[in-house]
Amino acid sequence: MLFADIQNNNEKNSNNSTNKKNNNNNLGIDNNENNQTIFTNSFNIAVKKFWNNEFSEAEGIFNRFKNCIPRWNVTYAEMQLVKHLMKGQSLDNENPELSNALMEAEKLAIKVCENKDDFETSFSLFRTDIWKAYIRPNNSPSEDEAGFASLRANFRWDCELAMADILLFHAILQVVGGSEIKGAFNLRKAWKTYSKVRDEIDRIKRDAGKNDHKHEL
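Per this note's numbering, the very first residue in the sequence shown carries number 1; after that it's consecutive.
Hint data in this document are derived by calculation from the structure and do not stem from the laboratory. One or more hints might be untrue.
Derived pair list, reagent style BS3-like, types lysine-lysine, alpha-carbon separation capped at 27 Å [said to hold, decoys possible]:
{"hint": "1", "residue 1": "K107", "residue 2": "K205"}
{"hint": "2", "residue 1": "K83", "residue 2": "K205"}
{"hint": "3", "residue 1": "K196", "residue 2": "K107"}
{"hint": "4", "residue 1": "K196", "residue 2": "K116"}
{"hint": "5", "residue 1": "K107", "residue 2": "K189"}
{"hint": "6", "residue 1": "K196", "residue 2": "K87"}
{"hint": "7", "residue 1": "K87", "residue 2": "K49"}
{"hint": "8", "residue 1": "K48", "residue 2": "K107"}
{"hint": "9", "residue 1": "K83", "residue 2": "K48"}
{"hint": "10", "residue 1": "K182", "residue 2": "K196"}
{"hint": "11", "residue 1": "K48", "residue 2": "K132"}
{"hint": "12", "residue 1": "K182", "residue 2": "K107"}
{"hint": "13", "residue 1": "K111", "residue 2": "K196"}
{"hint": "14", "residue 1": "K49", "residue 2": "K132"}
{"hint": "15", "residue 1": "K205", "residue 2": "K116"}
{"hint": "16", "residue 1": "K132", "residue 2": "K111"}
{"hint": "17", "residue 1": "K87", "residue 2": "K132"}
{"hint": "18", "residue 1": "K192", "residue 2": "K205"}
{"hint": "19", "residue 1": "K182", "residue 2": "K111"}
{"hint": "20", "residue 1": "K192", "residue 2": "K116"}
{"hint": "21", "residue 1": "K132", "residue 2": "K205"}
{"hint": "22", "residue 1": "K205", "residue 2": "K189"}
{"hint": "23", "residue 1": "K189", "residue 2": "K111"}
{"hint": "24", "residue 1": "K182", "residue 2": "K192"}
{"hint": "25", "residue 1": "K111", "residue 2": "K192"}
{"hint": "26", "residue 1": "K83", "residue 2": "K49"}
{"hint": "27", "residue 1": "K189", "residue 2": "K116"}
{"hint": "28", "residue 1": "K83", "residue 2": "K182"}
Across the chosen pairs, the derived CB separations fall in these ranges [claimed, not checked]:
{"hint": "29", "residue 1": "D144", "residue 2": "P96", "range": "26 to 32 Å"}
{"hint": "30", "residue 1": "R206", "residue 2": "E94", "range": "29 to 35 Å"}
{"hint": "31", "residue 1": "E104", "residue 2": "A184", "range": "23 to 29 Å"}
{"hint": "32", "residue 1": "K107", "residue 2": "F185", "range": "18 to 24 Å"}
Cβ atoms here follow ideal geometry from the backbone N, Cα and C, with glycine treated the same way.
Work out the full structure: start from the sequences and follow the hints.
Below you can see the structure in the form of structure tokens.
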């Protein structure tokens, strides 16, 4: 996910520069201070690995945070779906591993999105164990404080998008399995969440642009 700066109307892509590795926990440390993303380099590597049929390596990376960060859990569930397909299995075949992954990912996403205390717990862990440790390890305390609101908003948006992704996966499985009405219902719920997040980001960017214009006058 792109990092939308709600204070400075600034939005940047991640880049693919060479990164240092931490051999103890397999998480990459980003060397580029201008890189704005809420994902570690190892997260992106894990995604590439499971699309290359390297499931064991990807699972080892996702296991670090999948039980507490919705995006990591949802992407782990996506990996199980890809694994199911790459093995040539039909989507309407029973797959306990896939079903359990989807159920656990949905459970965590709902808990974090709908319960304030659970959201704060998940965000706090993300901020200390991922953001400060691997994405912005060189930030000063003042920089962390200044960017807190933007980081919190981006994490909340990504949790909502993770929930939408799970609904999308359910919709695919339901439609293929013959439950078109349930699939259409979940597809609509996913679309509404995607649209909600997009509209919120666009509104904040417009408001920030208006404020910048006022300061120039």
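- Task: State the violated hints by number, sorted upward, taking the hints as numbered earlier in the document.
- Result: Going through the list in order, the structure violates hints 1, 2, 6, 17, 29 and 30 and respects the others.
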